[in-house]
Amino acid sequence: MLTDKQQKKFNEFYSAARNNDILQPKTTFLLHLAAAMAVGCSPCMEHYLEEAEKEGVSPEEIGAVQAVVMAVSAGRVGAQLGAVEKRLEAGGGCCG
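Note that my numbering has the sequence shown beginning at 375, numbered continuously upward.
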């Protein structure tokens, strides 16, 4: 559990990331949704999906974000498998 001070600092950080004055608010929202998808944070995904309409995000935009996250995730899986295969070919076991 975060202390009150830690929670306050986290909230300040989150607010600064979410309201960054650099990216358009909708872009920032979509990045937050994508990050939630990428790390598998169901509570975050639920929050962002509930807020999507209010943020002006269409179902098609959500689908585009989902496709990007899926593509990047597939690339990660492919790279991980390739690294394991190379390690095994070199004679390394599961842990070496």
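To be clear, the hints were calculated from the coordinates, so they are not data collected in a lab.
Yeah, the Cβ is synthetic: ideal placement off N, Cα and C, and Gly gets one too.
Treat each hint with caution, since some may be false.
To be verified - Calculated cross-link-like contacts (lysine-lysine; reagent style DSS-like; alpha-carbon spacing at most 30 Å):
| # | residue 1 | residue 2 |
| --- | --- | --- |
| 1 | Lys-383 | Lys-400 |
| 2 | Lys-382 | Lys-428 |
| 3 | Lys-400 | Lys-382 |
| 4 | Lys-428 | Lys-383 |
| 5 | Lys-400 | Lys-428 |
To be verified - So the derived label-pair ranges between C-beta atoms look like this:
| # | residue 1 | residue 2 | range |
| --- | --- | --- | --- |
| 6 | Ala-464 | Asp-378 | 45 to 55 Å |
| 7 | Gly-430 | Ile-396 | 16 to 26 Å |
| 8 | Gln-380 | Met-444 | 45 to 55 Å |
| 9 | Glu-463 | Met-375 | 39 to 49 Å |
| 10 | Ser-432 | Gln-454 | 28 to 38 Å |
| 11 | Gly-449 | Pro-399 | 20 to 30 Å |
| 12 | Gln-454 | Met-419 | 37 to 47 Å |
| 13 | Pro-433 | Lys-460 | 16 to 26 Å |
| 14 | Glu-386 | Cys-415 | 11 to 21 Å |
| 15 | Pro-399 | Gly-466 | 20 to 30 Å |
| 16 | Pro-433 | Gly-465 | 44 to 54 Å |
| 17 | Ser-416 | Gln-381 | 12 to 22 Å |
| 18 | Leu-455 | Tyr-388 | 16 to 26 Å |
- Task: Just tell me: holds or violated, for the beta carbon distance of Ala-464 and Asp-378 against 45 to 55 Å?
- Result: holds (51 Å)
Quick check on a hinted range of 44 to 54 Å for Pro-433 and Gly-465, using CB atoms only. holds (50 Å)
* Asked: Per the hint of 11 to 21 Å, is the separation of the Cβ atoms of Glu-386 and Cys-415 within bounds?
  -> This hint holds: roughly 20 Å between Cβ atoms.
Between Ser-416 and Gln-381, does the beta-carbon spacing fit 12 to 22 Å?
-> holds (21 Å)
Falls inside 28 to 38 Å, the C-beta gap from Ser-432 to Gln-454? Holds - the Cβ-Cβ distance for Ser-432 and Gln-454, about 33 Å, lies within 28 to 38 Å.
* To do: Could you tell me whether the CB distance from Glu-463 to Met-375 stays inside 39 to 49 Å?
  => holds (46 Å)
TODO: Verify the proposed pairing of Lys-428 with Lys-383, using a straight-line Cα cut of 30 Å.
DONE: holds (26 Å)
Next on the checklist: Can you confirm whether the C-alpha distance between Lys-400 and Lys-382 stays at or below 30 Å?
Outcome noted: Satisfied, since the Cα-Cα distance of roughly 25 Å is no more than 30 Å.
### Task
For the pair supplied as a hint, Lys-382 and Lys-428, confirm whether the alpha-carbon distance does not exceed 30 Å.
Given pair Lys-382, Lys-428 holds - Cα atoms ~26 Å apart, limit 30 Å.
- Range hint compliance [Cβ, Pro-433 to Lys-460, 16 to 26 Å]: Violated, at about 41 Å.
Worksheet entry | Whether the CB-CB distance between Pro-399 and Gly-466 falls inside 20 to 30 Å | violated (48 Å)
- Does the Cβ distance between Gly-430 and Ile-396 fall inside 16 to 26 Å? holds (19 Å)
Hint check: violations occur at hints 8, 12, 13, 15 and 18; the rest are consistent with the structure.
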